[in-house]
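J.: Protein chains in written order, with numbering that gives the first Met the number 0: chain V, 0 to 257; chain L, 0 to 329.
What the hints contain is simulated information worked out from the structure, not anything from laboratory work.
Among the hints, a few may not be true.
Residues from chain V shown here face chain L by an in silico Cβ test under 10 Å; the list is partial [what the hints assert, rightly or not]:
(1) ARG6
(2) GLY7
(3) PHE51
(4) VAL75
(5) THR86
(6) PHE89
(7) GLU90
(8) ALA100
(9) THR106
(10) GLY109
(11) LEU115
(12) TRP143
Simulated restraints, written as ranges between beta carbons of each label pair [unchecked claim]:
(13) ALA64(V) x LEU242(L): 46 to 52 Å
(14) ARG53(V) x GLN292(L): 55 to 61 Å
(15) LEU111(V) x ILE298(L): 37 to 43 Å
(16) VAL11(L) x GLY109(V): 25 to 31 Å
(17) VAL11(L) x ARG125(V): 55 to 61 Å
The structure displayed is predicted, hence computed values, not measured ones.
We treat Cβ as the ideally placed atom computed from N, Cα and C, and that holds for glycine.
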Amino acid sequence: MTLLQVRGVTRRFGGLTAVDAVSFDVHEGMIKAVIGPNGAGKSTLFNVLTAFDRPDEGSVLFDGADLTTMRPHLIVRAGVARTFQNTQLFEEMSAEENVLAGAHAVTRTGFLAAALRMPWTVREERDAAEEARRLLRLVGLGEWASTPAADLPHGLRRLLEIARALATRPRLLLLDEPAAGLNSAETSALAEALYRIRDLGVTIVVVEHDMGLVMEVSDEIVVLDRGRKIAEGPPRIIQKDPGVIAAYLGEEDVSDEF
Amino acid sequence: MRRDARTLLPYVVVALVAVAVLTVPLLTADRYLLRVLTFVGVNVIIVTGMALLFGYAGQVSLGHAAFYGIGAYASAYVVVELGWPWLAGVLTAVLVTAAGGLLLALPSLRLKGHYLAMATLGFGEIMRVVFTEARTVTGGPDGRSGIPFPSVGEWTLDSAGANYWLVWGAAVVVLVLAANLVRSRPGRAMRALHGSESGAMACGIDLVGLKVRVFVISAALAGFAGALYAHVVGFISPSTFSLHVSVLLVAMAVLGGSRSLAGPVLAATVLTMIPFADAVIPGLSRSALETIQSFQEDIYGLTIIGVMLFVPGGLAAALRRVASPRGRER
Chain V
0 MTLLQVRGVT RRFGGLTAVD AVSFDVHEGM IKAVIGPNGA GKSTLFNVLT AFDRPDEGSV
60 LFDGADLTTM RPHLIVRAGV ARTFQNTQLF EEMSAEENVL AGAHAVTRTG FLAAALRMPW
120 TVREERDAAE EARRLLRLVG LGEWASTPAA DLPHGLRRLL EIARALATRP RLLLLDEPAA
180 GLNSAETSAL AEALYRIRDL GVTIVVVEHD MGLVMEVSDE IVVLDRGRKI AEGPPRIIQK
240 DPGVIAAYLG EEDVSDEF
Chain L
0 MRRDARTLLP YVVVALVAVA VLTVPLLTAD RYLLRVLTFV GVNVIIVTGM ALLFGYAGQV
60 SLGHAAFYGI GAYASAYVVV ELGWPWLAGV LTAVLVTAAG GLLLALPSLR LKGHYLAMAT
120 LGFGEIMRVV FTEARTVTGG PDGRSGIPFP SVGEWTLDSA GANYWLVWGA AVVVLVLAAN
180 LVRSRPGRAM RALHGSESGA MACGIDLVGL KVRVFVISAA LAGFAGALYA HVVGFISPST
240 FSLHVSVLLV AMAVLGGSRS LAGPVLAATV LTMIPFADAV IPGLSRSALE TIQSFQEDIY
300 GLTIIGVMLF VPGGLAAALR RVASPRGRER
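From just these sequences and the hints, can you work out the full model?
T.: Below is the structure:
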């Protein structure tokens, strides 16, 4: 089943067309990657998919509903979660509290019920905390539950953000350059976490610069170059695609970007 | 077992402090001291709202004295002029200030940045003029006097001790409700909002809705405190609710520190007592007290600057260090 349909998305900034009529489908249960050299429009597309930005043309249909007309916090409730390239954790809060904050979307204790500490709110809180610890174990952060986010090593911060996103109980998880700045051990820990998440039935879209991770984990890849989609297919095909090779070789120095 | 003792400790401390606070009138008959401590209780109620708004949700208001004033005048007006019972006056004060908070918050919180601070500053000035000019309601620059003591039916709270109990009883209830709030889902959302707005949005938190709710609660608490003040003191005038009171409230919140209720409550206690230092320091000379009073504003201003420079976490950070000496206070 097609979970996400990206249809002719175009986003312009002044005279620059950052994303130019991009269309693709994401089927339920797969890991789909969007790659491309720097300036290809990956981040712009990502912000459109998560309703942090609006496209000038086109639509993004998630399970039939158009995400481009919804406010960011509502698409989370509809089942679309995201992480950030520059992690947006709550630094003062512990890892567990960060994940609990993610459960905001699926819990319902309001101001009045919380102030009066109604018995059902205490139960909801306890269940949410249990679920948060389970998610921390899932991404391999079980030992770090009480550590403030600010004290976590860089690679683990990425995993914490993924756990927080999972706490919103998404059907679709969008990851913005999750491997940026990670060493190879951290990248393979990330890849394992992604497999475990997909096995839970969560569909994943990874926007990524790092070819290693993408070739390893993704079922299908969309390649962007200068805002346009230049190729789409499974990793083995993409690796040999002359247009893709040209786009990446055209970069002056791949190694010094992140 | 040790873990149990640690989790129980905060409850024990809070219960002991609550009992200590509520037994004060049994231990002293000093009317002046009780009156000063009653003012402290009024400010504790306001600062609890400020702590939620500023310390937890990270939103700055420079106009909370205006809500304090609206609450005081609203209750005084309906009780004195319309003959409503005292409880109806307090309820009116809370509802009017909540509505005022909503009207101010909805437009200004939709915008990012310091618009809320500017809007509240402007609002405070507008209300100062209203308090002075709307004579039929407020009594003009001379204020409103002869506001009756709090009463329910035949029962009137006309002694210093009874007023102390009323105000501190209300303060304790407000603090317990606020403490429940901050350690559950809405409180976590407020801290998330303070930590990272993008991160909070990615958690499905409705930023505008949350900010507006917290603002309305803090405005209503200031209004509630204003109504208590009006009936306990019996006289109100525009100077009680001026900009410098708003600044004092911000000073309490800053000195108190973020993500804490105990810090701001302690700060409110200390800063409220400064002009009445003679109530707790028996030997204090008249001239020393006058010096303190005339430099009152400077003390508040220097407090804000000093805390920002030397104790970024405020009293809350200091309290946390005491609570967990080995802890990883950041």
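J.: Each hint should be assessed against the structure and marked as holding or not.
T.: Against the structure, the hints come out as follows:
no.: 1; hint: ARG6; verdict: violated, 24 Å
no.: 2; hint: GLY7; verdict: violated, 26 Å
no.: 3; hint: PHE51; verdict: holds, 8 Å
no.: 4; hint: VAL75; verdict: holds, 4 Å
no.: 5; hint: THR86; verdict: holds, 8 Å
no.: 6; hint: PHE89; verdict: holds, 3 Å
no.: 7; hint: GLU90; verdict: holds, 6 Å
no.: 8; hint: ALA100; verdict: holds, 4 Å
no.: 9; hint: THR106; verdict: holds, 6 Å
no.: 10; hint: GLY109; verdict: holds, 7 Å
no.: 11; hint: LEU115; verdict: holds, 7 Å
no.: 12; hint: TRP143; verdict: violated, 13 Å
no.: 13; hint: ALA64(V) x LEU242(L): 46 to 52 Å; verdict: holds, 48 Å
no.: 14; hint: ARG53(V) x GLN292(L): 55 to 61 Å; verdict: holds, 57 Å
no.: 15; hint: LEU111(V) x ILE298(L): 37 to 43 Å; verdict: holds, 38 Å
no.: 16; hint: VAL11(L) x GLY109(V): 25 to 31 Å; verdict: holds, 29 Å
no.: 17; hint: VAL11(L) x ARG125(V): 55 to 61 Å; verdict: violated, 22 Å
The earlier numbered hints that this structure contradicts are 1, 2, 12, 17.
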